[in-house]
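Colleague: Numbering (the working numbering), first residue to last: 8 to 397.
One or more hints might be untrue.
Stated by the list, open to error - Taking lysine-lysine pairs in the DSS-like style, the calculated list, with each CA pair at most 27 angstroms apart, reads:
#: 1; residue 1: Lys271; residue 2: Lys233
#: 2; residue 1: Lys144; residue 2: Lys233
#: 3; residue 1: Lys233; residue 2: Lys260
#: 4; residue 1: Lys260; residue 2: Lys271
#: 5; residue 1: Lys271; residue 2: Lys300
#: 6; residue 1: Lys260; residue 2: Lys300
#: 7; residue 1: Lys271; residue 2: Lys144
Note that these hints are calculated values from the structure, not bench results.
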Amino acid sequence: MKINQLLYSLIISSLLLNSCREPYDPEINQEDLGILVVEGHIETGGEATVIKLSTTGSLNDVLTSYIPVSNAQVFIESQSGETFPLPSTEEGIYSEAHSLSNDQQYRLNIEVPDQGLYQSDWLTPLISPEIEEVGIKRAEDERSSAEVYISTHGDDEVRFFAWEYEETWVFNPELITFLKYDPALDSIVYRDSPEERIDRCWRTEYSNTINIASSAQYQDEYIYEKVLQNVPFGSDKFTRRYSINVHQRAISKEAFTFYEILDKNTNDMGDIFSPLPSNLSTNVHFQGNGNHKAIGMVTAGASTSRRVYFDRSDIGYWIVSNPFYAGCELNSDTVFLAEVTAIFSSGRTVPITSVEGMGSGGIIGYRSGSRRCADCTLRGTNIQPDFWEN
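Sequences and hints are given; from them, build the entire structure.
Modeller: Quick look at the structure:
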């Protein structure tokens, strides 16, 4: 959900709003800008636990950004005394798959150099029920957006849910070519291997909004067609084939309230009547002396996931129009053989089709186009993902 970035923006916005209520520029306590932001879930269902750490930095930093914390020591602790390390896998991210029982409580430990130890509260794992359906629906208007929804059942034990997802789709650029300039041969050749193809790619994006719901708000505790993602009409996500992998977590009421307030602040940023981030409860606390602060809501339990696929034919009427390819068209002038090196060697322009001479049948040159318009690897990968089903 990229909670760390949302929290960062809200914390900074709150400080700026408070400071702007006076006609002068007051000093902002630097301690309020050094808050450790913790996002993550202790996974007991066999998948990897992922913890994201960042800090609010200072006002000299870009306000829409955050600073990853990459030098911490992070581990899970069970009530029986076992510890499970979470190594740093990339900047600000700590992750590892451990075999954790649902019959124990766990807490997260974070040791930050020059600060000390932060700990989460003890957490009781919550087991998510299976996802019943992931589908797509559209309004009757043929130019309406497509809504990806989820349906699932809650009960007396599990009533609060959070979802994250990854979307992957295959797409084509505006101009299709199977040709390339080979500098070793100083000529145009065919792209022979799949790794050289630039006419078909896969792109993946991750959820960046808060998706939560309580089954208590639905009849018979059945969360029916809760919308997770809205795909606007014309998106190239439905160029050919689209897949979404949805992860469902059962969360506590405390975590649900945390996300609910955070979501409201994100949507109502600047409203002086909405709760500010200082009103958010946090289950991560600094354990040493000093004024170090943390904010975040770590959860624990066994998640469930479901991946589904949709073809363009499943969506109905859909015309792809991607602004990235605005103005893309085949250049009208022929690049003659004597001009190949000068035109194509920089890589900014690529050959699209060959041009044959009148009568001779031989190639006399090529039609060209911008690499932006023809190379799908500028927006994705030409290597098919391992999970992909055709």
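Colleague: So, for every hint listed, does it hold in this structure?
Modeller: Results of checking the hints against the structure:
no.	hint	verdict
1	Lys271 with Lys233	holds (18 angstroms)
2	Lys144 with Lys233	holds (11 angstroms)
3	Lys233 with Lys260	holds (19 angstroms)
4	Lys260 with Lys271	holds (16 angstroms)
5	Lys271 with Lys300	holds (22 angstroms)
6	Lys260 with Lys300	holds (23 angstroms)
7	Lys271 with Lys144	holds (26 angstroms)
Hint compliance for this structure: every hint is met.
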